[in-house]
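Novice: Sequence:
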Amino acid sequence: MATPTGSAVHRLAAYFTEGLALWAVKLFPHVFSLSPPRDIADPIEDDEAAALRILDQATPIPKFIHFALNERLMRAFEGKDRVHIIDLDIKEGLQWPSLFQSLASRPKPPTHVRVSGIGESKSELQSTGARLASLADSLNLPFQFHAVIDQLEDVRLWMLHVKEDECVAVNCVLQLHKTLYDETGGALRDLLGVIRSTNPAVVVVAEEEADHNRHQWELRFANSLLYYAAIFDALNGSLPEESSERAKVERMFARKIRNILSCEGTERTERHERFIKWCTMMEDGRFRAWVSKKRT
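The sequence shown maps to residues 2 to 297 in our numbering.
Hints are not guaranteed to be accurate.
[What the hints assert, rightly or not] Restricting the straight-line Cα-Cα distance to at most 27 Å, the calculated cross-link-like pairs of lysine-lysine (DSSO-like) are:
#1 K81 - K64
#2 K81 - K164
#3 K123 - K81
#4 K109 - K179
#5 K278 - K64
#6 K123 - K164
#7 K27 - K179
#8 K278 - K179
[To be verified] For each label pair, taking beta carbons as the anchor points, the in silico distance ranges come out as:
#9 L220 - D82: 22 to 28 Å
#10 R215 - E243: 23 to 29 Å
#11 M160 - F68: 28 to 34 Å
#12 K109 - L220: 21 to 27 Å
#13 Q217 - M160: 34 to 40 Å
#14 S8 - E165: 56 to 62 Å
#15 I62 - I277: 16 to 22 Å
#16 P241 - E79: 41 to 47 Å
#17 S8 - R215: 24 to 30 Å
#18 R289 - G80: 17 to 23 Å
#19 S124 - A231: 32 to 38 Å
#20 D234 - A51: 21 to 27 Å
#21 T18 - P241: 19 to 25 Å
#22 P241 - T112: 46 to 52 Å
I should point out that these hints are in silico values taken from the structure, not numbers from a laboratory.
Heads up, the beta-carbon is just placed ideally off N, CA and C, and yes, glycines get one too.
Put together the whole structure using the sequences plus the hints.
Specialist: Have a look at this one:
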């Protein structure tokens, strides 16, 4: 039985059934009629922020991503007096407390740390900026937060207030795949162009290693089923079946499943690609890959 309150398999089946139903309605609108879930067209930002916070606490995956990216940022900032991090989707800023602690513990910490956080929610950005400022103050780390309230695709260099004496780093976590709706590659080229215009010392990128951007719907279905089966199985070992926290995280993934299965064109934003494909696209955008020789 497919139910969002049963076992991991039952929950996964329920969300894929929902995605299939929405796909059928869009494919045969004169045959089927179904009211879509409200958060397909209007995602609930507070729910997603809470889900990401729960995921960060319950599983090691977000922490590992943050650790790997922050390690590379620390190398880029070595010996730099003024550092500027541009976070393309900062949300609650969960990545930055550990980096601040590492910077503050250096024999010669930077004299100025600035974070430009991009997001569409003014209240969330203000809250994130206040938390980071409080943490930086407790570490005696000179800090400035710059909120950029806009859609990522509309951000331009002048909004980021980049200074010539800064060591700039761009942090891009789970954002590039959202530009692939443009089959000409224009949206990705534009974003990479804005990133290049900041003259960054380093650009760190994290994307899901998946294959959900196929034109053939059947391949998208099969690939996403295997991918999210592994995720739901991992959640099964991290959060109790009956917990509201687990339900919140699963609803976040359910929105992604629905998007992959039932949306096309500009509506389909969950377009995950394989690592090798990202390497090619970044090189086409005039970025050079950096490979760690010490650890992965």
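Novice: Now look at each hint and say whether the structure bears it out.
Specialist: Verification of the hints:
1. K81 - K64: holds (25 Å)
2. K81 - K164: holds (14 Å)
3. K123 - K81: Cα-Cα ~31 Å, so violated.
4. K109 - K179: At roughly 39 Å apart (the allowed maximum being 27 Å), K179 and K109 break the hint.
5. K278 - K64: holds (25 Å)
6. K123 - K164: Holds, at roughly 24 Å.
7. K27 - K179: holds (21 Å)
8. K278 - K179: Roughly 15 Å separates the two Cα atoms, so the pair holds.
9. L220 - D82: 22 to 28 Å: Distance hint for L220, D82 is violated at roughly 50 Å.
10. R215 - E243: 23 to 29 Å: Violated - the Cβ-Cβ distance for R215 and E243, about 36 Å, lies outside 23 to 29 Å.
11. M160 - F68: 28 to 34 Å: holds (29 Å)
12. K109 - L220: 21 to 27 Å: violated (52 Å)
13. Q217 - M160: 34 to 40 Å: The hint (34 to 40 Å, Cβ to Cβ) holds, given that Q217 and M160 are roughly 39 Å apart.
14. S8 - E165: 56 to 62 Å: The hint (56 to 62 Å, Cβ to Cβ) holds, given that S8 and E165 are roughly 57 Å apart.
15. I62 - I277: 16 to 22 Å: About 21 Å separates the Cβ atoms of I62 and I277, which means 16 to 22 Å holds.
16. P241 - E79: 41 to 47 Å: Hint holds: Cβ distance 43 Å, inside 41 to 47 Å.
17. S8 - R215: 24 to 30 Å: holds (29 Å)
18. R289 - G80: 17 to 23 Å: holds (21 Å)
19. S124 - A231: 32 to 38 Å: Once the Cβ atoms are compared, 34 Å apart, the range 32 to 38 Å for A231 and S124 holds.
20. D234 - A51: 21 to 27 Å: holds (22 Å)
21. T18 - P241: 19 to 25 Å: holds (23 Å)
22. P241 - T112: 46 to 52 Å: For T112 against P241, whose Cβ atoms are near 47 Å apart, the range 46 to 52 Å holds.
Checked against the numbered hints given earlier, this structure breaks hints 3, 4, 9, 10 and 12; the rest are met.
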